[in-house]
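K.L.:
What follows is the residue order along each chain.
2 protein chains.
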Amino acid sequence: MANEKIPYKIYLEEKEMPTTWYNVRADMKQKPAPLLNPGTGKPMTAEELSHVFCDELVAQELNNTDRYIPIPEEIRTFYKMYRPSPLVRAYCLEEKLGTPAKIYYKFEGNNTSGSHKLNSAIAQAYYAKKQGLKGVTTETGAGQWGTALSMACSYFGLDCKVYMVKVSYEQKPFRREVMRTYGASVTPSPSTETEVGKKILAEFPGTTGSLGCAISEAVEAAVTRDGYRYVLGSVLSQVLLHQSVIGMETKAALDKYGIKPDIIIGCAGGGSNLGGLIAPFMGEKLRGEADYRFIAVEPASCPSLTRGKYVYDFCDTGKVCPLAKMYTLGSGFIPAPNHAGGLRYHGMSSILSELYDEGLLEATSVKQTDVFKAAEYFARVEGILPAPESSHAIRAAIDEALKCKETGEEKTIVFGLTGTGYFDMVAYEQFHNGTMTDYIPTDKEIAESIAKTPGIQ
Amino acid sequence: MANEKIPYKIYLEEKEMPTTWYNVRADMKQKPAPLLNPGTGKPMTAEELSHVFCDELVAQELNNTDRYIPIPEEIRTFYKMYRPSPLVRAYCLEEKLGTPAKIYYKFEGNNTSGSHKLNSAIAQAYYAKKQGLKGVTTETGAGQWGTALSMACSYFGLDCKVYMVKVSYEQKPFRREVMRTYGASVTPSPSTETEVGKKILAEFPGTTGSLGCAISEAVEAAVTRDGYRYVLGSVLSQVLLHQSVIGMETKAALDKYGIKPDIIIGCAGGGSNLGGLIAPFMGEKLRGEADYRFIAVEPASCPSLTRGKYVYDFCDTGKVCPLAKMYTLGSGFIPAPNHAGGLRYHGMSSILSELYDEGLLEATSVKQTDVFKAAEYFARVEGILPAPESSHAIRAAIDEALKCKETGEEKTIVFGLTGTGYFDMVAYEQFHNGTMTDYIPTDKEIAESIAKTPGIQ
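Going down the list, the sequences are from chains F and Y. Counted from 1, the first sequence has number 446 at position 446 by my numbering; the numbering is strictly sequential. Counted from 1, the second sequence has number 52 at position 52 by my numbering; the numbering is strictly sequential.
Take these hints with a grain of salt, some might be off.
Copies of the same chain look alike in the list, so a pair counts if it works inside one copy or between any two.
[To be verified] Here are the simulated lysine-lysine pairs, BS3-like style, with alpha carbons at most 25 Å apart:
(1) Lys80 / Lys256
(2) Lys319 / Lys411
(3) Lys260 / Lys444
(4) Lys403 / Lys80
(5) Lys411 / Lys80
(6) Lys129 / Lys199
(7) Lys367 / Lys309
(8) Lys96 / Lys80
(9) Lys325 / Lys80
(10) Lys31 / Lys166
(11) Lys5 / Lys198
(12) Lys134 / Lys9
(13) Lys260 / Lys15
(14) Lys403 / Lys129
(15) Lys96 / Lys130
(16) Lys403 / Lys31
(17) Lys129 / Lys96
(18) Lys285 / Lys31
(19) Lys319 / Lys96
(20) Lys403 / Lys166
(21) Lys403 / Lys319
(22) Lys411 / Lys373
(23) Lys80 / Lys319
(24) Lys5 / Lys256
(25) Lys134 / Lys96
Please keep in mind that the hints were generated in silico from the structure rather than gathered at the bench. Here the structure is a predicted model, which means the values were calculated and not measured.
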């Protein structure tokens, strides 16, 4: 009966929107391991990082102590254009599944970038602008991050140079065109524009690219140009900080109706969405104020948390980036070509890696065809065509809800619906035509990939 | 200062959502002319119409008297999944234009169909289900209506058969794939599945199709099958009735903040969005309670209101439909192949035609390249990539706001942002590459098209 008071969609009012980001590191007893300089083996200093990142972002990257960091007014103004995002009660999904579970999802897809990535893109563009830079460089895989950054740069009048993983560049011409609409220049990676791109092309002439490789190119392009810095859409602690706006809004919306979740689920590639969604809830858990189950859902074809090794590794294929301690499949790992969508990064955010290592976060992996079954089911029942990435979380949420059906437990499940699949119809078409396949790397393949990565010590 | 209280986005609460549709015909002194049976020349009876449409929809089509029609509970439940749509204050656009005008837009694109079409699709599917039908047939041009109907039929478990204008079918494979995700069958039109399709193909072998032709096929497919009816996404009075939910929400949101618009602008193809958006405001004007300027914006390449003739004409190319009195370019009119997006119907809703004829509604036409200039400008400033259709309204709204800049008038402008352009990137690409062209039919072409349409009496 209390349920009847809960609307299908909970929108915060503008005045209820978060004014600060939440920095989960402040509440972690064991801090995430620092980035290391691969040359010296010592922690990266702010000065060293400032060649790659904007100064304010370097400060955020190294900030393990401040619990709340104010969101600058300019960023809050931009947030108001597309936030708050709705927290949706999945009444139709619950009814269709016949589960006693109560399912909510935080929907981040109602903006032109099509995902949560815009939350950090606008922050990073803002700090670049504030520092008086000309522009920024980045990589993009499935294209969501590149689109988000293009929009953010357009808003602040910054130049935006995107290295797009070649296979996505070719498969997703429309994503590319959206980025062009926002004035970005988009280059398929590996390219001959950079030294590292040329080297990778020489070594692997037929390569369709990888995120790790595109990162290397984007970093090189940034450090060899005046007035440019590199920005990254996931993995880094600064990105998880910005994405905490997802969790802050979710918590505020739940609190408004006195709802306490039992399980919080998110898909995990580099960890930005999951890290942001769970942040304030994890904070409560770390402070002993509440308890929740957190589940990271990753693709079976790129299972860094569930099958990777927790060691120092390079953040990129070309080894131009610092070393990060993380669950990794080896920085040379590239998911099988049949892998659709994002979640193709070889490692995992240091914050999430540490939380997982301490047993504060669970992880599971799901097969691609099972993910698309869940995606189509969800689209028909809840009316939103989900991104392949987001559908990993849908799969796990449905599975948890079906467990509740068996046990009769009325658990409250919250998951992150990170984005929409409008630019992923090639993958949906393969699914409809029955030509979509699964690929699960063997233990040997993973062990070899990890072994041959020189970053791992 | 009062402005500072108005948030970027006004969302109604669930309990504030409209519970009735508003039927503007009840307040029109001069009712729209009735549909005529082309055989007898007499008004179509309910019995005659019931072969094509569901019984409840026939009743709504013929209802010129009831001002408010309750929205059935099941439809309101579906509306709650994706409505209310936000009424957005375009603060960023105002600032960028440097206009004293206050600009608002009602954004209908935050659902997977990508447009307002879902508002009527779910209503029509509901009545079909209620009548115990097996399925429905329809046509789609740019694909928004077909997608919306696929979603609605999936929700109610109805079969959905879509005839898609051939040029769109070929240019928009992803739209087709979204419809397949929702279980619809999609056939390029003209096809050899119907007698009328075969006839049109024989007469014009190279034709890329038209909406009027796809309508003929869909109607034939409905009336020759047991348990099927035809549904239409625009033009009809029943559709404008369902779309009044846009205007009802807009008015409720404005009233909440005591805002009175001066100008209300919408793009116009068949008239469903514009008719729905202006409905309750037009009601006030008709009853002498308030005054507003209403502007219909149509493409220069398909200018039914601004250059058509107000006469009885067939609703479709194949002449299997009744005759409607409307502003028309002739039912054989097909926009030039360079015309992108929707708004390609040869006629205009009888309701809007009558209001225009009485001078209660203004109309203007805009060139395609000017429309895309406005679209890109809007995308960069307001962060939403608009559909080409919606961008006609953006163009006119910007032009009105710039007039205010000249005169210093602080007018309040409301326009309908009917949808997103995520499936229109081919057209955006043409625009970026400078290969997009304009075509304005000559007076001679229009006169000939009107003259050779036998429906015109």
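K.L.:
Taking the numbered hints from earlier one at a time, note which ones the structure violates and give those numbers from smallest to largest.
P.N.:
Hints 2, 3, 4, 6, 9, 10, 11, 12, 14, 16, 19, 20, 21, 23 not satisfied by this model.
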